[in-house]
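Based on the hints, put chain B in the right spot on chain A.
For the protein sequence lines, the chains are A and B, in the order given. Take 1 as the starting number for the first sequence in the working numbering and just add one per residue. Take 1 as the starting number for the second sequence in the working numbering and just add one per residue.
These aren't lab readings, by the way, just hints derived from the structure by calculation. Heads up, a few of these hints could be off.
What the hints assert, rightly or not - In silico PhoX-like cross-links for lysine-lysine, where the CA-CA straight-line distance does not exceed 25 angstroms:
| # | chain 1 | residue 1 | chain 2 | residue 2 |
| --- | --- | --- | --- | --- |
| 1 | A | Lys-15 | B | Lys-75 |
| 2 | A | Lys-58 | B | Lys-401 |
| 3 | B | Lys-57 | B | Lys-288 |
| 4 | A | Lys-22 | B | Lys-401 |
| 5 | B | Lys-234 | A | Lys-15 |
| 6 | B | Lys-389 | A | Lys-22 |
| 7 | B | Lys-92 | B | Lys-229 |
| 8 | A | Lys-6 | B | Lys-328 |
| 9 | A | Lys-79 | B | Lys-389 |
| 10 | B | Lys-234 | B | Lys-101 |
| 11 | B | Lys-328 | A | Lys-15 |
| 12 | A | Lys-58 | B | Lys-350 |
| 13 | B | Lys-389 | A | Lys-6 |
As the list claims (entries may be wrong) - Here are some, though not all, of the chain A residues that point toward chain B, as calculated from beta-carbon distances under 10 angstroms:
| # | residue |
| --- | --- |
| 14 | Asp-39 |
| 15 | Glu-46 |
| 16 | Thr-61 |
Cβ atoms here follow ideal geometry from the backbone N, Cα and C, with glycine treated the same way.
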Amino acid sequence: MAYSEKVIDHYSNPKNVGTLDKNKKNVGTGLVGAPECGDVMRLQIEVDDATGTITDAKFKTFGCGSAIASSSLATEWLKGKSIDQAVKIDNMAIVEELNLPPVKIHCSVLAEDAIKSAINDYRKKNSLPELELEEKIVH
Amino acid sequence: MYLCEINLYMLQKPIYLDNNATTPMDPRVLETIIPYFTQQFGNAASRNHPFGWEAEKAVENAREQVANLIGADPKEIIFTSGATEGDNLCIKGVFEMYAQKGNHIITCTTEHKAVLDTCRHIEKIGGAVTYLEVNKEGLINLEELKAAITPKTILIAIMYANNEIGVIQPIKEISTLAKERGVLFFTDGTQAVGKVPVNVINDGIDLMAFTAHKMYGPKGIGAIYVRRKNPRVKVTAQIDGGGHERGMRSGTLNVPGIVGFGKACELCQQDMQADTIRISAMRDTLEKGLLKLEESYVNGSTQHRLPHVCNISFKYVEGEGLMMGFNKDIALSSGSACTSASLEPSYVLKALGLGDDLAHSSLRFGLGRFTTNEQIEFTINAITETVTKLREMSPLWEMFKEGINIDDIEWAHH
Chain A
1 MAYSEKVIDH YSNPKNVGTL DKNKKNVGTG LVGAPECGDV MRLQIEVDDA TGTITDAKFK
61 TFGCGSAIAS SSLATEWLKG KSIDQAVKID NMAIVEELNL PPVKIHCSVL AEDAIKSAIN
121 DYRKKNSLPE LELEEKIVH
Chain B
1 MYLCEINLYM LQKPIYLDNN ATTPMDPRVL ETIIPYFTQQ FGNAASRNHP FGWEAEKAVE
61 NAREQVANLI GADPKEIIFT SGATEGDNLC IKGVFEMYAQ KGNHIITCTT EHKAVLDTCR
121 HIEKIGGAVT YLEVNKEGLI NLEELKAAIT PKTILIAIMY ANNEIGVIQP IKEISTLAKE
181 RGVLFFTDGT QAVGKVPVNV INDGIDLMAF TAHKMYGPKG IGAIYVRRKN PRVKVTAQID
241 GGGHERGMRS GTLNVPGIVG FGKACELCQQ DMQADTIRIS AMRDTLEKGL LKLEESYVNG
301 STQHRLPHVC NISFKYVEGE GLMMGFNKDI ALSSGSACTS ASLEPSYVLK ALGLGDDLAH
361 SSLRFGLGRF TTNEQIEFTI NAITETVTKL REMSPLWEMF KEGINIDDIE WAHH
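So here's chain A without its partners, still in its complex pose (with noise of 0.2 angstroms):
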């Protein structure tokens, strides 16, 4: 299977790799998947407290090409956005922006959650409630 040239762009030069400490409070994490599953998410937020935007994002990664590219490029979309536009990032974006096999949808999910993980934990955090989650049905 050829991987798209997004993918590969992503893969080669990931943007916004790192991480933010987790314990400040304006920083919300999420780490979805698990190890026996080949993928694992961790997806980083920090908000400005007074206007609720999105001021950085990080990622790490554990998994395939298409798993690395959809967190890179979660974290491309996060920076610059507010709370309320980040929650309604789907994961039927980040497959049509990638060119996602079907076979890689579920990279795409993970990374959906890994964006509402971080935030809840944000909201968590700051005496918010948390977001009702929908469950997608991954393969």
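Using the frame of chain A, we list chain B on its own:
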């Protein structure tokens, strides 16, 4: 002359290290085959004209070359389309032929799917199959094998060497046990024949399947060995027709394929010793070089192993992601789920007791006759670089470095 010399030492890319999947055809084999497509194209079963006679002669010559490689009599070689057909023919053929004696077959969990799926089929049609487990080295336990034999047991089917980890089973001990208990012994010799000195007499093998394309021959041709003496073994044909191959496998013989298979066997016999010395030295260099990476582990026994194979897990990086770092230059296989259609990691590695995470992190290296030292050096560097880069990107590596045990984390399984 000068240019020619430079060429010899130039690094050939892409590098092919997937010789367990298939091997390139040796140019000497190709050369031998070509006339059999155009000039000597006869049907080996045409008894009444020179075209047929020539084809038959070529087939019988090849049969002898194949038999010689494994220490068999030419009459004990039955040509098939490949090892999958051979596995099917031996197992189903024995099951049908010896139905009066019993219906029980013993095999093991790390066999190739061609054996495992055939055994599943046998179960569906009234057979009983015992699947022996392997230890962390990938070897079966002889005591367990002994205990599994019942008066109904008709066949022990244990592979000679494993396709993913290259581990060689204790063939002589298995055959001795089989003989003592009057049970036939079949071995899938696909990965071993041509690479290590397989000898059906010394090894006590009753039936064996193997194929040309794993030993520098053409695809689409293989053979089974069926013992004719002590004991005389019979299998029920699975393909009926003109009664070719002593009635065990009908169908017009693939003459060019057979000729190529024969030549490939002759070359393996002739070059085996030299090939083994050269290839195993490169394999050892590769393995040593890669094990310098922290948290990398060889999968399966290193003592009982094919000379050209190694399987290594690089903990905290995922196999497909890893291969993507160099797959334009290096062709490899991984036990990662992402590389299989089923999304399940390698059942062979899991059978060794490896966690799914380690199975996902594995690469299989299969060196071959045409692998060079320069290619091995390039491979060590490319993989070291990619593993290091991906670990910097891996949350699991970060946790490991912080002293967090990832097994203690409650992962949300999806």
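### Query
Does Lys-234 (chain B) pair with Lys-15 (chain A) here, judged by a C-alpha cut-off of 25 angstroms?
The hint is violated at about 64 angstroms.
### Query
At a threshold of 10 angstroms, is the proposed contact between Glu-46 (chain A) and chain B supported by beta-carbon distances?
Violated, because the Cβ-Cβ distance from Glu-46 (chain A) to chain B comes to roughly 17 angstroms (cut-off 10 angstroms).
### Message
Between the alpha carbons of Lys-92 (chain B) and Lys-229 (chain B), is the straight-line distance 25 angstroms or under?
### Response
21 angstroms, holds
### Task
For the pair we were handed, Lys-58 (chain A) and Lys-350 (chain B), check the Cα-Cα distance against 25 angstroms.
Not OK: Lys-58 (chain A) and Lys-350 (chain B) at ~33 angstroms, beyond 25 angstroms, violated.
### Message
Under 10 angstroms is the threshold here; is the Cβ of Thr-61 (chain A) close enough to any Cβ of chain B for the hint to stand?
### Response
6 angstroms, holds
### Pair hint outcome, Lys-22 (chain A) versus Lys-401 (chain B) [Cα-Cα no greater than 25 angstroms]
16 angstroms, holds
### Lys-389 (chain B) paired with Lys-6 (chain A) [C-alpha distance capped at 25 angstroms]
19 angstroms, holds
### Query
Taken at face value, is the distance from the CA of Lys-328 (chain B) to the CA of Lys-6 (chain A) at most 25 angstroms?
Holds, at about 16 angstroms.
### Task
Answer holds if the nearest beta-carbon of chain B is closer than 10 angstroms to that of Asp-39 (chain A); otherwise answer violated.
7 angstroms, holds
### 25 angstroms Cα cutoff - pair Lys-389 (chain B), Lys-22 (chain A)
Holds. Lys-389 (chain B) to Lys-22 (chain A) sits at ~23 angstroms (cutoff 25 angstroms).
### Message
Would the hint linking Lys-58 (chain A) and Lys-401 (chain B) be met if the CA-CA limit is 25 angstroms?
### Response
19 angstroms, holds
### Message
Lys-79 (chain A) and Lys-389 (chain B) were given as a pair; does the straight-line alpha-carbon distance stay at or below 25 angstroms?
### Response
24 angstroms, holds
Comparing the model with each numbered hint stated earlier shows that hints 1, 3, 5, 12, 15 do not hold.
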